[in-house]
Amino acid sequence: MSAVIDHGHAGHDHHHGPAKGLMRWVLTTNHKDIGSMYLWFSFAMFLLGGSMAMVIRAELFQPGLQIVQPEFFNQMTTMHGLIMVFGAVMPAFVGLANWMIPLMIGAPDMALPRMNNFSFWLLPAAFGLLVSTLFMEGGGPNFGWTFYAPLSTTYAPESVTFFIFAVHLMGISSIMGAINVVATILNLRAPGMTLMKMPLFVWTWLITAFLLIAVMPVLAGCVTMMLMDIHFGTSFFSAAGGGDPVLFQHVFWFFGHPEVYIMILPAFGAVSSIIPAFARKPLFGYTSMVYATASIAFLSFIVWAHHMFTVGIPLTGELFFMYATMLIAVPTGVKVFNWASTMWRGSMTFEAPMLFSVAFVILFTIGGFSGLMLAIAPADFQYHDTYFVVAHFHYVLVPGAIFGIFASAYYWLPKWTGYMYDETLAKLHFWMSFIGMNLAFFPMHFVGLAGMPRRIPDYNMMFANFNMVSSIGAFMFGVTQLLFLFIVIKCIRGGKPAGAKPWDGAEGLEWTVPSPAPYHTFSTPPDVK
Amino acid sequence: MSSHEHYYVPAQSKWPIIATLGLLISVYGVGTWFNDLSANREGSNGPLIFFIGGLFLAYMLFGWFGNVIKESRSGLYSAQMDRSFRWGMSWFIFSEVMFFAAFFGVLFYVRTWAGPWLGGEGDKGISNMLWEGFEYTWPLLNTPDPKLYPAPSGVIGAWGLPLINTILLVSSSFTLTFAHHALRKNQRKPLTLWLALTVLLGAAFLVLQIEEYIHAYTELGLTLGSGIYGATFFMLTGFHGAHVTMGAIILTVMLIRVMRGHFTGEQHFGFEAAAWYWHFVDVVWIGLFVFVYVL
Numbered sequence: 001m002s003a004v005i006d007h008g009h010a011g012h013d014h015h016h017g018p019a020k021g022l023m024r025w026v027l028t029t030n031h032k033d034i035g036s037m038y039l040w041f042s043f044a045m046f047l048l049g050g051s052m053a054m055v056i057r058a059e060l061f062q063p064g065l066q067i068v069q070p071e072f073f074n075q076m077t078t079m080h081g082l083i084m085v086f087g088a089v090m091p092a093f094v095g096l097a098n099w100m101i102p103l104m105i106g107a108p109d110m111a112l113p114r115m116n117n118f119s120f121w122l123l124p125a126a127f128g129l130l131v132s133t134l135f136m137e138g139g140g141p142n143f144g145w146t147f148y149a150p151l152s153t154t155y156a157p158e159s160v161t162f163f164i165f166a167v168h169l170m171g172i173s174s175i176m177g178a179i180n181v182v183a184t185i186l187n188l189r190a191p192g193m194t195l196m197k198m199p200l201f202v203w204t205w206l207i208t209a210f211l212l213i214a215v216m217p218v219l220a221g222c223v224t225m226m227l228m229d230i231h232f233g234t235s236f237f238s239a240a241g242g243g244d245p246v247l248f249q250h251v252f253w254f255f256g257h258p259e260v261y262i263m264i265l266p267a268f269g270a271v272s273s274i275i276p277a278f279a280r281k282p283l284f285g286y287t288s289m290v291y292a293t294a295s296i297a298f299l300s301f302i303v304w305a306h307h308m309f310t311v312g313i314p315l316t317g318e319l320f321f322m323y324a325t326m327l328i329a330v331p332t333g334v335k336v337f338n339w340a341s342t343m344w345r346g347s348m349t350f351e352a353p354m355l356f357s358v359a360f361v362i363l364f365t366i367g368g369f370s371g372l373m374l375a376i377a378p379a380d381f382q383y384h385d386t387y388f389v390v391a392h393f394h395y396v397l398v399p400g401a402i403f404g405i406f407a408s409a410y411y412w413l414p415k416w417t418g419y420m421y422d423e424t425l426a427k428l429h430f431w432m433s434f435i436g437m438n439l440a441f442f443p444m445h446f447v448g449l450a451g452m453p454r455r456i457p458d459y460n461m462m463f464a465n466f467n468m469v470s471s472i473g474a475f476m477f478g479v480t481q482l483l484f485l486f487i488v489i490k491c492i493r494g495g496k497p498a499g500a501k502p503w504d505g506a507e508g509l510e511w512t513v514p515s516p517a518p519y520h521t522f523s524t525p526p527d528v529k
Numbered sequence: 001m002s003s004h005e006h007y008y009v010p011a012q013s014k015w016p017i018i019a020t021l022g023l024l025i026s027v028y029g030v031g032t033w034f035n036d037l038s039a040n041r042e043g044s045n046g047p048l049i050f051f052i053g054g055l056f057l058a059y060m061l062f063g064w065f066g067n068v069i070k071e072s073r074s075g076l077y078s079a080q081m082d083r084s085f086r087w088g089m090s091w092f093i094f095s096e097v098m099f100f101a102a103f104f105g106v107l108f109y110v111r112t113w114a115g116p117w118l119g120g121e122g123d124k125g126i127s128n129m130l131w132e133g134f135e136y137t138w139p140l141l142n143t144p145d146p147k148l149y150p151a152p153s154g155v156i157g158a159w160g161l162p163l164i165n166t167i168l169l170v171s172s173s174f175t176l177t178f179a180h181h182a183l184r185k186n187q188r189k190p191l192t193l194w195l196a197l198t199v200l201l202g203a204a205f206l207v208l209q210i211e212e213y214i215h216a217y218t219e220l221g222l223t224l225g226s227g228i229y230g231a232t233f234f235m236l237t238g239f240h241g242a243h244v245t246m247g248a249i250i251l252t253v254m255l256i257r258v259m260r261g262h263f264t265g266e267q268h269f270g271f272e273a274a275a276w277y278w279h280f281v282d283v284v285w286i287g288l289f290v291f292v293y294v295l
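Residue numbers (full-length UniProt numbering), protein chains in the order written: chain A, 1 to 529; chain B, 1 to 295.
The reader is advised that the hints may include incorrect statements.
Said to hold, decoys possible - Label pairs and their in silico Cβ distance ranges:
| id | chain 1 | residue 1 | chain 2 | residue 2 | range |
| --- | --- | --- | --- | --- | --- |
| 1 | B | Asn40 | A | Ala329 | 52 to 58 Å |
| 2 | B | Asn40 | A | Val311 | 43 to 49 Å |
| 3 | A | Lys20 | B | Arg73 | 29 to 35 Å |
| 4 | A | Pro378 | B | Trp159 | 36 to 42 Å |
| 5 | B | Ile69 | A | Phe350 | 52 to 58 Å |
| 6 | A | Val311 | B | Leu37 | 31 to 37 Å |
Claimed, not checked - Partial selection, computed: residues in chain B whose CB lies under 7 Å from chain A:
| id | residue |
| --- | --- |
| 7 | Pro16 |
| 8 | Phe99 |
| 9 | Phe108 |
The set of hints was computed from the structure by calculation and includes no laboratory data.
Even glycine gets a Cβ: it sits at the ideal position worked out from N, Cα and C.
Build out the structure end to end from the sequences listed, making use of the hints.
What follows is the structure, encoded as structure tokens:
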């Protein structure tokens with residue numbers, strides 16, 4: 001390259017440590033600082049969204065209305081979904097991406113460090129605004145996290161305006177974050193780190209970032225049309241003016257379906273690093289994993305109307321979206337097969353990251369199978385809007401996305417803190433989560449198949465026992481996460497010092513730097529053989 | 001590869017947090033304003049809050065971009081940094097493409113499915129029973145419920161102002177390319193002239209667009225509230241117009257920088273990014289002209 005590089009200037013910036021005090025975090029451009037902030041923010045939102053889930057499960061502990069009014073219940077289900085999707089799961093993966101992608105590809109930082117800081121700080125602003133709607137006149141958003149029109153337009157509380165702008169802020173944050181990830185991966189890889197040598201976490205994030213850039217603007221368009229319908233008399237989602245409420249669902253799910261893969265693909269990538277490390281075998285079928293991820297991403301754009309089978313779309317549409325949806329089982333099956341084959345005859349040990357990863361593979365597969373059931377258009381007429389759907393997506397999100405995040409956190413905590421976490425407590429965290437989560441969500445399949453509708457604070461007596469079990473499981477899962485907080489704090493404060501590579505089967509550049517990772521790493525890129 | 005050796009990682013920066021505060025204050029102000037408008041509440045302090053947020057944002061834009069320009073001119077950016085900017089700008093434009101795609105999708109959906117169904121066509125034509133006798137035409141000169149959404153008496157024809165606007169915008173893409181060629185050859189004078197002409201063409205486009213809106217609102221009764229035709233028309237042309245405005249401002253900044261002697265024939269990504277954006281806005285207009293005005 002013939003670039004003129006001013007060595008005097010460019011050199012000295014790399015060698016300072018972190019600044020002191022609060023302003024370190026406010027003004028930082030360091031990918032590790034920003035990654036940590038994302039992870040802590042995400043955890044805070046996880047607890048907030050989780051406490052809303054606790055309110056929901058407390059109300060559903062018994063039939064009848066005991067604790068909250070239906071209006072408030074609606075706000076709880078809505079905010080629980082929004083906070084978990086946009087506040088807990090997505091930022092957690094962006095945090096992992098910030099921390100790990102530069103370390104994995106041998107980059108000095110993210111490609112656009114100031115924009116990185118901007119992406120993060122928009123999130124507390126967005127969620128501050130979103131949560132504040134709960135205290136506004138008329139209450140917060142109460143139309144479900146999918147905010148279907150006209151519930152979210154004609155019949156919405158006034159606070160919906162702020163909800164719309166909060167979504168805009170989240171969208172700006174996600175798009176900038178995703179652009180940063182793409183630019184980093186495509187431009188900042190160390191010499192010799194070819195695309196097909198990248199760890200799968202980097203690959204899945206590259207594809208996730210593409211999905212984010214493609215669909216977050218569509219969500220922005222969707223909420224903008226809501227805003228116009230509410231305040232400026234347009235009729236996008238009103239048939240009285242020639243528009244169509246169903247149109248809302250098309251636009252929303254064109255965003256929404258890729259969105260669910262945005263929440264799971266990075267987890268696929270993380271467990272694809274963790275399972276080989278603890279099976280002490282290279283990942284089976286690396287190339288097919290890359291292609292499977294890309295196929296899933298492509299398919300995610302052409303399956304959105306499977307969320308709308310009962311809304312009255314034409315028969316051709318039902319058939320197309322049914323078959324296209326089932327097609328996703330093929331690349332997903334490839335992945336599950338590859339993970340299983342990686343473990344096959346491996347010298348496996350079951351530390352916390354591996355426990356969460358194995359549970360991920362098994363339980364995510366259950367969620368995938370119920371997804372296949374839901375994909376069958378004629379059968380979906382029975383399942384639609386029942387607890388079966390709730391069971392399905394909690395099986396892909398909790399043991400899928402969330403367990404993927406826990407597995408990643410335990411796997412990389414030694415790299416982040418320089419200490420080993422408490423393995424006994426972590427195993428306890430795993431088993432409590434595992435049991436609690438299954439208790440909470442497995443019975444939902446049964447009540448759903450029997451016809452219990454979702455998003456209703458009261459239910460028929462016949463569902464009482466299963467709901468009580470669900471609630472007990474949910475409380476157990478919820479309380480257990482405080483244990484996770486304790487484990488992480490304990491690990492930050494000390495413990496057995498971790499070596500550069502604390503897991504003997506682990507592979508990758510991140511394990512070539514000391515633990516904890518220095519403030520600046522790979523200021524000069526390593527050579528990758 | 002020498003370009004890998006020293007990637008510029010900026011030290012701490014105050015601009016992102018100022019940008020965040022600016023955005024938060026602005027949207028809170030806008031939200032308050034809109035809610036007060038819709039509820040007919042007098043004396044809203046929304047506009048004031050919005051204005052304060054806007055001040056933050058303006059300060060941030062000057063400061064942040066000023067910072068970047070200064071860094072670039074002091075030679076901190078390597079060829080690798082340049083590629084990061086190129087990737088960043090390309091993907092940003094892709095996100096804009098998807099934003100417009102959402103509204104084009106709405107237009108296609110209404111014209112292909114929702115509209116004909118409301119008019120009673122095909123299997124799904126049962127929705128016609130909602131407003132029996134409603135006849136679907138495009139442009140939609142009668143709405144299902146005229147009391148809620150009074151229909152326009154006419155729409156903007158393609159071959160008047162919109163055609164002139166098309167010519168203006170397409171020419172501006174050419175003049176911008178001439179400017180770019182001049183910049184590459186380090187011919188500063190033609191560069192300045194062509195760039196200034198581009199900005200002028202963009203401004204002329206905007207003036208005519210405003211003219212068209214006034215005509216639509218005052219003479220045709222074509223408004224945001226006149227049914228789905230007006231909604232899609234103003235949404236698409238309005239967001240496009242906003243982007244032309246943005247592009248013209250960016251090009252003006254480039255013009256000022258050119259006149260101050262910034263950019264060399266080899267290094268001028270700021271200019272190129274602005275040009276990419278301008279061409280993108282132009283392409284969107286072609287889509288608009290075809291699908292909103294002509295067809």
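Subject >> Hints violated by the structure (listed by number, smallest first) >> reply: As far as the earlier hints go, 2, 4 and 9 are violated by this structure, in ascending order.
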